[in-house]
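Participant: These protein sequences, in sequence, are chains U, F, Y and D.
At position 204 of the first sequence (counting the first as 1) the number is 204 in the numbering used here, and the numbers step up by one without a gap.
At position 205 of the second sequence (counting the first as 1) the number is 1205 in the numbering used here, and the numbers step up by one without a gap.
At position 63 of the third sequence (counting the first as 1) the number is 2063 in the numbering used here, and the numbers step up by one without a gap.
At position 54 of the fourth sequence (counting the first as 1) the number is 3054 in the numbering used here, and the numbers step up by one without a gap.
If you are wondering where the hints come from, they were derived from the structure by calculation, not from laboratory data.
Even for Gly, the Cβ is constructed at its ideal location relative to N, Cα and C.
Just to be clear, a hint being listed does not mean it is correct.
Each pair of labels, with its calculated beta carbon distance range [to be verified]:
1. Y/E2002 with U/K45: 33 to 43 Å
2. Y/E2159 with U/K45: 53 to 63 Å
3. U/T231 with F/P1156: 29 to 39 Å
4. F/S1143 with U/K10: 24 to 34 Å
5. U/V154 with D/N3016: 31 to 41 Å
6. D/K3010 with U/N16: 28 to 38 Å
7. D/G3158 with Y/K2042: 48 to 58 Å
8. Y/K2045 with D/G3158: 46 to 56 Å
Protein chains: 4
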Amino acid sequence: MEKILIKQYKKPRLTNSILIGGLPGIGNIGKIAADYIIEKLKMQKLAEIFSQYLPPQVFVTENGMVYLARNTLYYKKIPGKRDLLILVGDFQGTTQEGQYEMSYNVLELLRKFDLSFVYTLGGYSTGKIVETPRVLGAVTDNSILGNLKENGVVFPKGEPGGGIVGSAGILLGLAKELFDIDGACLMGETSGYFADPRGAMEVLKVLSSILGFTIDLAEIEERSKQIEQITGRMQEDLQNKASKKEDLGYFG
Amino acid sequence: MEKILIKQYKKPRLTNSILIGGLPGIGNIGKIAADYIIEKLKMQKLAEIFSQYLPPQVFVTENGMVYLARNTLYYKKIPGKRDLLILVGDFQGTTQEGQYEMSYNVLELLRKFDLSFVYTLGGYSTGKIVETPRVLGAVTDNSILGNLKENGVVFPKGEPGGGIVGSAGILLGLAKELFDIDGACLMGETSGYFADPRGAMEVLKVLSSILGFTIDLAEIEERSKQIEQITGRMQEDLQNKASKKEDLGYFG
Amino acid sequence: MEKILIKQYKKPRLTNSILIGGLPGIGNIGKIAADYIIEKLKMQKLAEIFSQYLPPQVFVTENGMVYLARNTLYYKKIPGKRDLLILVGDFQGTTQEGQYEMSYNVLELLRKFDLSFVYTLGGYSTGKIVETPRVLGAVTDNSILGNLKENGVVFPKGEPGGGIVGSAGILLGLAKELFDIDGACLMGETSGYFADPRGAMEVLKVLSSILGFTIDLAEIEERSKQIEQITGRMQEDLQNKASKKEDLGYFG
Amino acid sequence: MEKILIKQYKKPRLTNSILIGGLPGIGNIGKIAADYIIEKLKMQKLAEIFSQYLPPQVFVTENGMVYLARNTLYYKKIPGKRDLLILVGDFQGTTQEGQYEMSYNVLELLRKFDLSFVYTLGGYSTGKIVETPRVLGAVTDNSILGNLKENGVVFPKGEPGGGIVGSAGILLGLAKELFDIDGACLMGETSGYFADPRGAMEVLKVLSSILGFTIDLAEIEERSKQIEQITGRMQEDLQNKASKKEDLGYFG
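Can you build the whole structure from these sequences, using the hints too?
Facilitator: The structure is reproduced here in structure tokens:
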């Protein structure tokens, strides 16, 4: 079989289109944000991607249906603005080769849809709960910096220190080097310990501001609050335990 | 060499045929059930599959003969009913690529034999000894649910939680997405700690009921009882030890 | 580059030739025995095999020369008898694919030299020092058993239990299934803890007896004795330590 | 996508050219030395190599630019002498196959530039701080030994014991066996615990002496001293702690 199999469902005429990459990753920031946009903007399925670079696994839905692991591309024509494409999925390619091939094949396909810019969404792991997560950026060209900064993206020196590994990095790298397409990575700060709607919401705010579309954030805000309550309680518990331990320490 | 080498021994004319996938897996349920059907229905060898996706290993039989690791397809024409195909073997493909390729090539080959439905047999690991193992199901299409439920297959919500990994899942996923062939997975409950004829027997009961063939279960029932005696004694021993420990606890 | 690159140096006309496979493995039995035959029979280099399936490594000789990892084939025409081919090397293929491909390509090449039988030499790990190592066998066909038994090869039921993994197994398996060439594996018993000339010598005795050539064993016997003295001293030391420990035990 | 993608920027006419391989490795000796030559000799970019054999990773520069992982070739025409080529990069190929393919493709490309000799630079790990690091050598042909020895390279028997693994070894091995091009490996002694400009400087001295070019070593000497001060302090600290521990030992 071919290593990557693309089932294309539609042939829309898109112009000057923008790809938003939101595969699973740190804090699942990218996936949460991308899935949210697809739902709120009622985007349409463009293509599904099956591949040996994804785990040999089917999921089982609540009503017993099997569902083969895949990546999916959605699109939306946006009159008067740049059209939108989104890449989401169950997994990133699981091997080094898979990372390159999956990203390359997506870019190769989307060239037919006048792809002209790539945003990848990801998480930036801080290792601790962040009160007000920042959105860090990285770009393929100097000319992009200004616009992002105006929209609240920060570019602290030396961050992210280890570079960007996986789909959020390689999509940009390949777009730039092999397709001559510019792009930017937007990374929402997150503890990295759980799927984090709070960081995803901050990324969504910045992205909608940059792209000039409006998106109802009420639902993701609600989910963020629920998570914060849970993690808040967990922190309290931990602090209580810690202080008790300290107390005992005096007598031990 | 080619990555997958198929030696085909027969060219039967099969109609509307059903594949039963029974490669080694959790509790070896699928393999035990499939091997049992082959023996009891006196099925014939259709093809052998050698591959780089299987371990570089020969087995040595009791009388010193070496035997290269392989997968094997058997068939049986069943007058007035759908013909039967069975996939068994020493191993599943050992890599992610191997999982996809082995399943894909089997489906590709069996298209020539009018393959029209796929059952995969597997185990569902409970982590403890199960008195009366259920048979869980997962299907590729809603229309299949009713028939399976009538034959005793259960579809509890959220089970199996992690989806189905390996041959039992990917055969169904690829059949559905790439060959437009429907299918179902039948998973017998098992502790998962040993090769489990009891779970395999439950799967056999359900499968023969669905497909409408009769199969003599006396031998597998006997093997199940032997295993239950052994595991029963092991459990007693464990409980005795545990209660002794408890006793000692009072004095310790 | 091609995954396997063969540099062929000679084009001898061989008839009814026999391949002896002696790549590194358990106790290095196969390699020690095969290297010994090459030296004592003054065999000639037929071909060298370089490959991505071998580690990316050069060795450095005593006088500072680098030497790329490889497998090598030697041959010797033996008037009035079956001609001899030997496969030796620095490594076995390091991946599953590499195991299949390296063995397949050797067999494919040697078909041109009228290959008609394959012996693979290996070790059978006992996990303890063996006083008088047996030579175990496994064959591809019943008709081979008698001759091997007459020459001292034993075929104990259920041994080797886990089959034969790696080059010694896959060469036979592929020869049989894909080239219709019979063969046998000769496994010298060894502790498996160190390179073991003693086990290799026993394999050499059996093999020369089967093939009807004479080989001077004085040198390998000498090396065996040296190893036995070292391991003998090590065992004494261990026993002394063990008995001292016991002594201390009474007072501890 | 192709597994290795080469972007060639220039087509210089080079004659009798020498490749210096300096990819990351033990103590980063090779990379430090090669980067230093490129800077000091103001070499020009010949080609960039992107590949699936490199990690799927972009780096982020101080000013927020992403930079896809790559290897790069530089060149310099040197009037009256052999022209110079240098291979540097962010990573070596990360798999066995990648090691072979990356080295092979570099050699294949450079044949067009009259490549006639290969030096690979590397580190030789001693596991402890070395006061005056030696430069060890290994060569593909006896005729090269004399010249290297005259320039201070040492060839101690049995070193390096485990051969040379990775790019520094395989470049030489493939050049010799597949391209009939000779070469030598120069290994600077290093503790192996950190990026080591001191060992790199010794390699540079030897290399410039062999090739007859002059290179200003002031900057790397400065960096070496800084490192030595840091590691010197670290050693003092460790010794102080060790002696204090000893002191305490008397009272404990």
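Participant: Now tell me, hint by hint, if it's right for this structure.
Facilitator: Taking the hints in turn, this is what the structure says about them:
Between Y/E2002 and U/K45 the beta carbons are some 42 Å apart, a value that agrees with the proposed interval 33 to 43 Å. Hint check: Y/E2159 to U/K45, Cβ distance near 58 Å, so the stated range 53 to 63 Å holds. The hint said 29 to 39 Å for the Cβ distance between U/T231 and F/P1156, and at roughly 30 Å that hint holds. As the Cβ distance of F/S1143 to U/K10 is approximately 26 Å, the hint placing it in 24 to 34 Å holds.
Distance hint for U/V154 and D/N3016: a CB-CB separation of about 52 Å, inconsistent with the stated range 31 to 41 Å. Between D/K3010 and U/N16 the CB atoms are about 34 Å apart, so this pair conforms to the stated range of 28 to 38 Å. Against the hinted window of 48 to 58 Å, the Cβ-Cβ separation of D/G3158 and Y/K2042 comes to about 28 Å, which falls outside the hint. Taking 46 to 56 Å as the suggested C-beta distance range, the pair Y/K2045 and D/G3158 does not conform, at roughly 26 Å.
In this structure, the earlier hints numbered 5, 7 and 8 are contradicted, and the remaining ones agree with it.
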